[in-house]
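Asker: Those protein sequence lines, which keep their order, are chains A and B. In this text, residue positions in the first sequence follow my numbering: the first is 1, and each later residue adds one. In this text, residue positions in the second sequence follow my numbering: the first is 574, and each later residue adds one.
Hints are computed from structural coordinates only; laboratory data are not their basis. Some hints could be false.
Unchecked claim - Here are the simulated SDA-like cross-link-like pairs (lysine to any residue), alpha carbons at most 20 Å apart as the crow flies: (1) K583/B - V416/A; (2) K203/A - G595/B; (3) K203/A - I575/B; (4) K644/B - V416/A.
What the hints assert, rightly or not - Label-pair distances were calculated between CB atoms; the ranges are: (5) R623/B - S268/A: 22 to 30 Å; (6) E592/B - T47/A: 34 to 42 Å; (7) C72/A - G611/B: 41 to 49 Å; (8) I408/A - D581/B: 48 to 56 Å; (9) G596/B - E49/A: 43 to 51 Å; (10) G596/B - C72/A: 16 to 24 Å; (11) S445/A - G595/B: 36 to 44 Å; (12) R623/B - I408/A: 15 to 23 Å; (13) H615/B - L432/A: 48 to 56 Å; (14) T47/A - H615/B: 51 to 59 Å; (15) T436/A - E592/B: 45 to 53 Å.
What the hints assert, rightly or not - Computed far set for chain A versus chain B, every beta-carbon distance over 10 Å: (16) V36; (17) Y59; (18) D79; (19) E91; (20) L186; (21) V210; (22) L318; (23) I421; (24) I422; (25) I424; (26) I545; (27) L565.
Cβ coordinates follow ideal geometry from the N, Cα and C atoms, glycine included.
Below, each chain spelled out in residue letters.
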Amino acid sequence: MKTVLLMGNPNVGKSALFSRLTGTQVVISNYPGTSVEFTQGSLKHETEEASIIDVPGTYTLQPTCRAEQVACDMLAQGDVIINVIDATNLERNLNLTLQLLEKQIPMIVVLNIWDETKHRGITIDVAALEKMLGVPVVTTCSVTGEGIHTLVHRLAEASRSPLLEVSSDTNRWQRVGEIVSAVQLLKHKHHGLTEFLQDLSIKPWSGALVTIIILATSFGLIRFIGEGLIRWISEPFFTHLWLPLMMQLSQHLNQTGFVHQIFIGKLSAGVIDPFTSFGIFTTGLYVAFAMIFPYIVSFYFVLGLLEDWGYLPRLATLMDTIMHRLGLHGYAIIPMLLGLGCNVPGILATRILESRRERFITATLMSIAIPCMAQTAMIVALLGQRGLRYVALVFLVLFLVWLILGRILHRFMKGVSPELIIEIPPYRLPRLRFVTKKLYMRAKSFVLEAVPYMLGGVVFVGVLNYFHAADNLDRWLSPLFTHVWGLPAETAPAILMGLLKKEIAVAMLAPLVLTTKQLTIGCTILALYFPCVATFFVLLKELGIKDLLKTLTIMIVVSLIVGGLMNWILPGL
Amino acid sequence: MIVKALIDMKPDESGMIVEITGGQGCVQQLNNLGLNVGRQIHKVGAHLWRGPQIVRIGQQQIVVGHGISHKILVETNE
């Protein structure tokens, strides 16, 4: 079976094309660096089957970051290359095309985003380009599927270019210039409304204003959709349908015993309290689906809109000034934003950053100061009952930790903060079909990858309670808790649970009688002090054991200090 | 004709890149995005407080950090 590599610059639509060719679902967005790992799928045409690999985007075969390294390493495995080009950006894309042709692997060139050339006043003579490159060239629009058939039909024609001499960087740009001036005709276009809006959102003053409006709208929308789903769908379903059913099951199980404990948990005053019973079917499903899932859906929906619209690189530009003070450049804001959904993809996305130092700072700041949506949903649900201002307080503290810790890491770690060099993609209208598809994939991976851990965590706590196994913990951890953080000793099991699953740990604070101050400190410490199991392993994979230990030490120190300070400074609430 | 660094260009000023004085990695990264000697660039604007610079090459908007913008020398008409 032949291996076909989809290669090209970042953000030219390789993943969308991949999804068209193979039917495999992959995350696609409108910003450079969406794919940092390769995905494999297969394509069957007539009798032949080929394995297709969606390679992360790269500008060059001399890699400058880890995602590009992945791309260059793949090259050895390819029998055929499909070089995907953004037709609206021919000149820049052709540089990589020439580098790929030099490798003498059979190749076919795809001019993608072809539909946009028309309204941008770009005409390309495809036949002439084919002649000048010496390999087949086809035009496609991967978003609508136009031209995909032709591509599949002509894939067998992929060939080595006979016209090429190996060249240096300067020669290559010269050659690109010759090709472009021979095949491309640009009709001069006036600065239109789109360009005006694009400039508006990236220039200093107007850009800052636009950012504030967009971020405020986004958070408002996330809360509106999340709360709406909870109030109108998940809450009614659980209270009126599911819990009565579980009450019957509970009676069926005689309301006691080990099996009852696992599935239903502990009853309070003879009824199920989904916050305190800690059985799989009660607290487990309730926390995962009634409280967290609605927020996962609303967060990823809004993020998907921002991604596909092309706003994120603009946000990166505006954040660059602040991020530089933390030893990072603006683009590091993108992994951080993804981390607000779930830290795991957030940490993987740090691969778009160039240096190891940057990746360490980003991953450390993320796993300490950026709570995932599951945790946020729980904090909002629990602390929000006492007043939204306390939720705001937790986030203010986390933001300050993010800033100050970043500043400290930048000050004391060797190395310099690298410079931002990015292209800003044009705004594109998000297509609802793609946004919902991406939302579906992310929601599915939440259900398949995060929910089992949550249910496991709930059972674990339930069983510990059943055997009174954690009772002694209170006693020997209590000095730390009471003296440093001002928390009662009963919070010890919850804080320990935070080692595994933070949102379950937050849920464990619910049945305890805590003052608002204690609850605020408890939520903050849980957010700060240790990554959940999944994040732990991805940190290990991306940073290695030595840096992971450093990160963990920083976390523990930070949570001790911050929790202590909050206990000391905050008035009794 | 005056040669000046990108940082010193005014918003809406255009010119041709004549030299990039950075190290090899920096030149490579700029080169990847098509910022190389001989290229016409147009400065869209700059962010305050040592912020990034926004330029346009053809129809493509590119953002470069403050530090690098000292190293891109551009020949302008003014």
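Asker: Each of the hints needs a verdict: does it hold here or not?
Answerer: To see whether the hints hold, each was checked on the structure:
1. Restraint check: the Cα-Cα separation between K583/B and V416/A comes to about 28 Å, which exceeds 20 Å; the hinted pair is violated.
2. The hinted pair formed by K203/A and G595/B fails the criterion: a straight-line CA distance of about 25 Å is larger than 20 Å.
3. A threshold of 20 Å between alpha carbons decides the hint, and for K203/A with I575/B the separation of about 25 Å lies outside it, so the pair is violated.
4. With a CA separation close to 17 Å, the supplied pair K644/B and V416/A stays within the 20 Å bound.
5. A beta carbon spacing of about 58 Å between R623/B and S268/A contradicts the range 22 to 30 Å that was offered as a hint.
6. Distance hint check: the CB atoms of E592/B and T47/A are about 56 Å apart, inconsistent with the given range 34 to 42 Å.
7. The hint said 41 to 49 Å for the Cβ distance between C72/A and G611/B, and at roughly 27 Å that hint is violated.
8. A C-beta distance of roughly 34 Å is found between I408/A and D581/B, which places it outside the suggested range of 48 to 56 Å.
9. Against the hinted window of 43 to 51 Å, the Cβ-Cβ separation of G596/B and E49/A comes to about 46 Å, which satisfies the hint.
10. Between G596/B and C72/A the Cβ separation comes to about 21 Å, which falls inside the hinted range of 16 to 24 Å.
11. S445/A and G595/B have their C-beta atoms about 41 Å apart, which keeps the hinted 36 to 44 Å range intact.
12. Separated by about 20 Å at the C-beta atoms, R623/B and I408/A satisfy the suggested range of 15 to 23 Å.
13. Between H615/B and L432/A the CB atoms are about 35 Å apart, so this pair departs from the stated range of 48 to 56 Å.
14. For the pair T47/A and H615/B, the supplied restraint of 51 to 59 Å holds, since their beta-carbon distance comes to about 53 Å.
15. Hint check: T436/A to E592/B, Cβ distance near 49 Å, so the stated range 45 to 53 Å holds.
16. Every C-beta of chain B lies more than 10 Å from that of V36/A, the closest at about 17 Å, which supports listing it as non-interface.
17. Look at Y59/A: its CB is around 3 Å from the nearest CB on chain B, not clear of 10 Å, so calling it non-interface is violated.
18. Chain B leaves D79/A outside its interface by the beta-carbon criterion, the shortest separation being 26 Å against a cut-off of 10 Å.
19. At the 10 Å boundary, the C-beta of E91/A falls inside the reach of chain B, the nearest C-beta of that chain being 6 Å off.
20. Listed as outside the interface, L186/A is inconsistent with that label: its C-beta sits roughly 8 Å from the nearest C-beta of chain B, within the 10 Å cut-off.
21. Annotated as non-interface, V210/A keeps its C-beta farther than 10 Å from every C-beta of chain B; the closest such distance is 13 Å.
22. A cut-off of 10 Å between C-beta atoms contradicts the statement that L318/A is not in contact with chain B; the least separation is 7 Å.
23. Against chain B, the non-interface label of I421/A is violated: not every CB pair exceeds 10 Å, the least being about 5 Å.
24. Distance check on I422/A: its Cβ comes as close as 5 Å (rounded) to a Cβ of chain B, failing to clear the 10 Å threshold; non-interface status is violated.
25. Taking the minimum C-beta to C-beta distance to chain B, about 4 Å, the non-interface status of I424/A is violated against the 10 Å cut.
26. Distance check on I545/A: its Cβ is at least 28 Å (rounded) from any Cβ of chain B, clearing the 10 Å threshold; non-interface status holds.
27. Taking the minimum C-beta to C-beta distance to chain B, about 29 Å, the non-interface status of L565/A holds against the 10 Å cut.
Hints 1, 2, 3, 5, 6, 7, 8, 13, 17, 19, 20, 22, 23, 24 and 25 from the earlier list are contradicted by this structure; the remaining hints agree with it.
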